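J.: What follows is each chain in one-letter form.
Number of protein chains: 2
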Amino acid sequence: MKFLIIGGDAAGMSAASRAKRSMPEMAVTVLEMTRDVSYSACGMPYNIAVSGKAIEDLVVRQADVFRQKQGINLLTGHRVEAIHPTEKTVSGTTLQGEEFEFPYDKLLIATGGSPIVPDFPGFDLPGVMGLKSLDHGRKIKAYIDLHNVKKAVIIGMGYIGLEMCEALRNRSIEVVMVKPNLNFIPWMADELSYVVQKEVEANGVNLHMGHLVQKIEPVNDSLAVVCDDLTRDADMVIVAIGITPNSECAIAGGLETGIKKAISVDRQLKTSDENIYAAGDCADAFHVVTGEKTWIPLALRANRAGWAVADNIRGKGKPTELDGVAGTSVFKVFDLQIARTGITSKEAIKFGFDPAEVVIKTRSRAHAHPGSTTIMAHLIGDRKSGRLLGAQMVGKEGVAHRINALAVALHAQMTVEQFSQTDLAYAPPFGPVWDPLLTAANQLLKRM
Amino acid sequence: MKFLIIGGDAAGMSAASRAKRSMPEMAVTVLEMTRDVSYSACGMPYNIAVSGKAIEDLVVRQADVFRQKQGINLLTGHRVEAIHPTEKTVSGTTLQGEEFEFPYDKLLIATGGSPIVPDFPGFDLPGVMGLKSLDHGRKIKAYIDLHNVKKAVIIGMGYIGLEMCEALRNRSIEVVMVKPNLNFIPWMADELSYVVQKEVEANGVNLHMGHLVQKIEPVNDSLAVVCDDLTRDADMVIVAIGITPNSECAIAGGLETGIKKAISVDRQLKTSDENIYAAGDCADAFHVVTGEKTWIPLALRANRAGWAVADNIRGKGKPTELDGVAGTSVFKVFDLQIARTGITSKEAIKFGFDPAEVVIKTRSRAHAHPGSTTIMAHLIGDRKSGRLLGAQMVGKEGVAHRINALAVALHAQMTVEQFSQTDLAYAPPFGPVWDPLLTAANQLLKRM
Chain A
0 MKFLIIGGDA
10 AGMSAASRAK
20 RSMPEMAVTV
30 LEMTRDVSYS
40 ACGMPYNIAV
50 SGKAIEDLVV
60 RQADVFRQKQ
70 GINLLTGHRV
80 EAIHPTEKTV
90 SGTTLQGEEF
100 EFPYDKLLIA
110 TGGSPIVPDF
120 PGFDLPGVMG
130 LKSLDHGRKI
140 KAYIDLHNVK
150 KAVIIGMGYI
160 GLEMCEALRN
170 RSIEVVMVKP
180 NLNFIPWMAD
190 ELSYVVQKEV
200 EANGVNLHMG
210 HLVQKIEPVN
220 DSLAVVCDDL
230 TRDADMVIVA
240 IGITPNSECA
250 IAGGLETGIK
260 KAISVDRQLK
270 TSDENIYAAG
280 DCADAFHVVT
290 GEKTWIPLAL
300 RANRAGWAVA
310 DNIRGKGKPT
320 ELDGVAGTSV
330 FKVFDLQIAR
340 TGITSKEAIK
350 FGFDPAEVVI
360 KTRSRAHAHP
370 GSTTIMAHLI
380 GDRKSGRLLG
390 AQMVGKEGVA
400 HRINALAVAL
410 HAQMTVEQFS
420 QTDLAYAPPF
430 GPVWDPLLTA
440 ANQLLKRM
Chain B
0 MKFLIIGGDA
10 AGMSAASRAK
20 RSMPEMAVTV
30 LEMTRDVSYS
40 ACGMPYNIAV
50 SGKAIEDLVV
60 RQADVFRQKQ
70 GINLLTGHRV
80 EAIHPTEKTV
90 SGTTLQGEEF
100 EFPYDKLLIA
110 TGGSPIVPDF
120 PGFDLPGVMG
130 LKSLDHGRKI
140 KAYIDLHNVK
150 KAVIIGMGYI
160 GLEMCEALRN
170 RSIEVVMVKP
180 NLNFIPWMAD
190 ELSYVVQKEV
200 EANGVNLHMG
210 HLVQKIEPVN
220 DSLAVVCDDL
230 TRDADMVIVA
240 IGITPNSECA
250 IAGGLETGIK
260 KAISVDRQLK
270 TSDENIYAAG
280 DCADAFHVVT
290 GEKTWIPLAL
300 RANRAGWAVA
310 DNIRGKGKPT
320 ELDGVAGTSV
330 FKVFDLQIAR
340 TGITSKEAIK
350 FGFDPAEVVI
360 KTRSRAHAHP
370 GSTTIMAHLI
380 GDRKSGRLLG
390 AQMVGKEGVA
400 HRINALAVAL
410 HAQMTVEQFS
420 QTDLAYAPPF
430 GPVWDPLLTA
440 ANQLLKRM
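If you read the protein sequences in the order shown, they are chains A and B.
Numbered per numbering that gives the first Met the number 0, the first sequence spans residues 0 to 447.
Numbered per numbering that gives the first Met the number 0, the second sequence spans residues 0 to 447.
Isolated chain A (complex conformation) (with noise of 0.2 Å):
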């Protein structure tokens, strides 16, 4: 059988190893369009932190291992143009220049996904870049030694931004934020919004909230960045507002997409044609709180993903069906940690659930213990059925693994009531009592 895989990353790489390694008489071929694969994207904001630290000290995995130890035929630089899935060939241009079409029995599209860019002028010009793939990071590194980046604008204040601000920073860059809503981040609370505004303020960032840039000019050495009411110069522009799945060959090879033109999967990762599956970034998945499609491009997922391909070409027993995604994630700025899983009360109303919410100030640490800091939670739940719908957490520690429970707590489905009864672990140095989880979840009780 052949299995071929257009894209080298978390879920193309997941796959191809697990099909190597299960099936090792099975012919894998990976389709790679740049020449990195298998690396830690997430990563890129502290690699671009320290100067002088190559980027390829994230990839997990070289490309001669993919070949020679496991024996995939991993090819990168082609970049695939057209699936056929009639004929049940993709073909596609090297990097070389040089046409290629290869057949599949089973074909895997783990194309990932590419920042957006607005079609605005001046987002073309050197110096301005985006972050998905290494080869961004790799040229964002480059820009920043060989013209001396000073000063530097993100637009867009998503968690890369931030991630990136913090890199940025810590390089002793200059950082002027923009973006048009004026909410800090909009998905969140006010008040937990307001801790990470002051965080990030606090580390001499700039943030311009409710200005559109227009469009970005080459001044002499450096660049403008032009809002209707506001001018910012800097030697290079990082545009972080968002990404877009690769779902453009699945598309016109008649593929079915859903949720934001990502490539629609069942549970098994199949896509509309039955010799189809896709996974990671480009495609889209069932929430585990809404039972609904949704689109959230995460490591974990693409990975997971990756693996249930491979187990299901494998096709012994039963298939893997994956149970979905709670939307779980965090990140770090500067001291703060920052946590969500599940939905916002906005999103419950929208998929009908009646929301009730609480936004609670706890401590850190037990009563008297020392180095004890504020940690701040919003926890909404459904006035209908009871359940426990998402959570949203800040602090300086103890938020990154807490919010882990919660996103258990989503895929039992549980109700406040049953979470607020949790067992869950206390000693002085590591929170209260009662946890602020559970504090939380006792507050909330009292709403619904």
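Hints listed in this document are in silico derivations from the structure and should not be mistaken for laboratory results.
Some hints could be false.
Chain copies aren't distinguished; within one or between two, either way the pair holds.
Stated by the list, open to error - Computed cross-link-like contacts, DSS-like style, restricted to lysine-lysine with a CA-CA straight-line distance of at most 27 Å: (1) K315 x K87; (2) K445 x K317; (3) K52 x K150; (4) K383 x K315; (5) K315 x K1; (6) K19 x K360.
Bear in mind the structure is a predicted one, so any value in this text is a computation, not a measurement.
Let chain A serve as the given structure and place chain B on it in line with the hints.
T.: Showing chain B alone in chain A's frame:
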């Protein structure tokens, strides 16, 4: 209605406060045998660690606040010696030697536990002390100062013994630990227990497993701890071989007790007498994994049970039934976090499960992220039902709150496969893409 409470710490004062808040007209009386109420007992080792810090810092709410602001009739120095269920009274003696008797309509026994002290020679010598009440902590602190303690022997290596060993080492006191069992932490997988042992030894603590203390003898101004083939001298001896529920009065009053003589209660915290409740370290609980009775004295349960009793005495709406305990706990010893939840494989066999288990060793942060340390996890599942049964973890970071995700899974009766599908948070500073819990679950699945 007269609500009488025996014991003024976590369970007792939680019940008193909540009862008075929801039923201001109720006469709430608390009889506490010591002079201290409402303190963070778990914080004592951390307080003892700091010379000159008042042990009273651990008091969460002063007695006079309960009396004057909350209107609770709080009587300290009142030792209850008998419960008379037929007469609905309790009787006892004050510290001043005066006899008393109080009537009740509803009684809560929240008498806590006491350190186990073996009936061997010398365990009653001055300088030989257990640690449970604030008064114990006060005595230990005073003894260290007054006798200029330079050397200590700790008998027992449970979490209180280990927390105390860190506290004493922080005060530059030489520490020897001794116990009869050859296994350092017997409820833990050897690989994990060994990591903790090495950490304790690296901090200059001398461990002697396999030695039963037979007597303690006074030697000039100090003490000699004598085992069969080992004698160690010490200025102070801490006895930390466990605690036992304070259930004598309950037993004498005819109430049913169960495991380890803890007072038997139902899910509403009611004892075998319909007017008497029990909560906290003196009472038993249902275990969420086994469904059977267990006795795991922990602070969260005490607080939660106190609230539940107050709610059930109020009696509005449906009664509050507690789900049970998972036995989730965490403690810190030097630079390590040690956590557990659920049952061990030994316990699993005892309760009729067919346990599969796995120990994994992974990293606390993502590939290539600086500052990463080792995390070890031991996961136990049931081959018959597929259920997750328990877990233990050890590491320098990311253990204390991670265990809660597993605790929630135990409450939800999740299978290992369901848990393996959960969408946990990922960011490079906080863990690998595959969270250690998921790696453990994936590995465990192969053995089930």
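J.: Regarding K383 and K315, is the shortest C-alpha distance of 27 Å or less found within a copy, between copies, in both, or in neither?
T.: Answer is between: at 21 Å across copies they meet the 27 Å cutoff, but 41 Å inside does not.
J.: 27 Å Cα cut-off: does K315 pair with K1 within a copy, between copies, both or neither?
T.: within (17 Å within a copy, 67 Å between copies)
J.: Pop the pair K52 and K150 into one bin, within, between, both or neither, using alpha-carbon distances up to 27 Å.
T.: Within one copy only: 21 Å inside a chain, 49 Å across chains, cut-off 27 Å.
J.: Within a copy, between copies, both or neither: where do K315 and K87 come within 27 Å Cα-Cα?
T.: within (23 Å within a copy, 67 Å between copies)
J.: One pair to classify: K445 and K317, alpha carbons no more than 27 Å apart. Within, between, both, or neither?
T.: between (44 Å within a copy, 15 Å between copies)
J.: Which holds for K19 with K360 at a C-alpha limit of 27 Å: within a copy, between copies, both or neither?
T.: For K19 and K360, the Cα distance is within 27 Å only across copies (25 Å; inside one copy 50 Å).
The structure agrees with every numbered hint stated previously.
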